[in-house]
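K.L.:
Sequence:
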Amino acid sequence: MKIAVSGATGFVGSHLQPFLVQRGHNVIPISRSFFSNPNSQLFEGCDAVVHLAGANIADHRWSESYKNTILTSRTFTTNAVAKAFAGCANPPKVLISASAIGFYGDRSDDILDESSTVGSGFLASVAHDWEAACDPVRDKGIRVVNPRFGMILSKEGGALAKILPMFRWGLGGVLGSGKQWISWIALQDVLSAIMFAIETPTLHGPVNVASPEPVRQTEFAHLLGQLLHRPVLPVPAWSLKLTVGDMAEDVLLASQRVIPSQLIAHKFPFQYPLLEPLLESIVAA
Numbered sequence: 009m010k011i012a013v014s015g016a017t018g019f020v021g022s023h024l025q026p027f028l029v030q031r032g033h034n035v036i037p038i039s040r041s042f043f044s045n046p047n048s049q050l051f052e053g054c055d056a057v058v059h060l061a062g063a064n065i066a067d068h069r070w071s072e073s074y075k076n077t078i079l080t081s082r083t084f085t086t087n088a089v090a091k092a093f094a095g096c097a098n099p100p101k102v103l104i105s106a107s108a109i110g111f112y113g114d115r116s117d118d119i120l121d122e123s124s125t126v127g128s129g130f131l132a133s134v135a136h137d138w139e140a141a142c143d144p145v146r147d148k149g150i151r152v153v154n155p156r157f158g159m160i161l162s163k164e165g166g167a168l169a170k171i172l173p174m175f176r177w178g179l180g181g182v183l184g185s186g187k188q189w190i191s192w193i194a195l196q197d198v199l200s201a202i203m204f205a206i207e208t209p210t211l212h213g214p215v216n217v218a219s220p221e222p223v224r225q226t227e228f229a230h231l232l233g234q235l236l237h238r239p240v241l242p243v244p245a246w247s248l249k250l251t252v253g254d255m256a257e258d259v260l261l262a263s264q265r266v267i268p269s270q271l272i273a274h275k276f277p278f279q280y281p282l283l284e285p286l287l288e289s290i291v292a293a
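Read the sequence shown against our numbering and you will find it ends at 293, with the numbers running on by one and no gaps.
If you are wondering where the hints come from, they were derived from the structure by calculation, not from laboratory data.
For each residue, glycine too, the CB sits at the ideal point set by N, CA and C.
Errors might be hidden in some of the hints.
[Said to hold, decoys possible] Think about it this way: if two alpha-carbon atoms lie no more than 16 Å apart in a straight line, the pair counts; the simulated EDC-like pairs of lysine to aspartate or glutamate are:
1. LYS75 x GLU227
2. LYS75 x ASP137
3. LYS187 x ASP137
4. LYS101 x ASP55
5. LYS187 x GLU227
[As the list claims (entries may be wrong)] Simulated restraints on C-beta separations:
6. ASN76 x THR210: 31 to 41 Å
7. GLY253 x LEU179: 13 to 23 Å
8. SER44 x ASP147: 48 to 58 Å
9. ARG146 x ALA292: 37 to 47 Å
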């Protein structure tokens, strides 16, 4: 297949490109200049578009300026993708346009699937607008899948790459109460889920890309500490808010108990449905 990919230099995109090439697909990278001047010709002859572009939510403290960057880097680029689809004589058959479980907001112990309503908070608003920017493509009758990614785990990037050194130094901890649910997913399963979404014509709309076995943050921290033979320290919520500001509430302390109902219903084969084998493989690598 011929697959156009945006965000090809980002954490997921940089792994997705070789993943697709190794399986015999022709990958067309979407450059940043495309978004200022969307060229429909780029999509002609493509079977699918995978849109992953968007500013990293954890790269900077959340000033009002950076919050705007987080939002517009998603909606502006998705609008450009939609314009390119509109100009195609023979558009791709499917758009895989990223989203995140931040859509649900902080929901305590609620069990959340794709039918759950949008939550409150900054990231919930961003995810809602991000997905809505795909509506012009849906309105053309083209299949759109919005993978709502959980916390993607890999030592090569994402949240775990940032916290793993802290745990190795014995400075890892239980964040706040530790009762908040973490909905996580192995990077390997993210890549497979994207390909699965491309190849599964009955899959459409929001799709939770998260393990079927979410864990509480205290379980996550103690398991990682145990595997590294390091102590686990309590990290009060107030200190997180002082250190990282608004990001603490939306990212570090928010509880999201997400179930991937769509992937389960379509019998997606998770490589890592359980956390311990994944963390063992990462720590041992």
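K.L.:
If a hint holds in the structure, say so; if it does not, say that too.
P.N.:
Evaluation of the provided hints:
1. LYS75 x GLU227: violated (30 Å)
2. LYS75 x ASP137: Status holds; Cα separation ~14 Å.
3. LYS187 x ASP137: violated (29 Å)
4. LYS101 x ASP55: Holds, because 6 Å separates the two Cα atoms, which is no more than 16 Å.
5. LYS187 x GLU227: holds (9 Å)
6. ASN76 x THR210: 31 to 41 Å: Once the Cβ atoms are compared, 37 Å apart, the range 31 to 41 Å for THR210 and ASN76 holds.
7. GLY253 x LEU179: 13 to 23 Å: The hint (13 to 23 Å, Cβ to Cβ) holds, given that GLY253 and LEU179 are roughly 20 Å apart.
8. SER44 x ASP147: 48 to 58 Å: Roughly 24 Å apart at Cβ, these two residues miss the hinted range, so it is violated.
9. ARG146 x ALA292: 37 to 47 Å: holds (43 Å)
In this structure, the hints that do not hold are numbers 1, 3, 8, in rising order.
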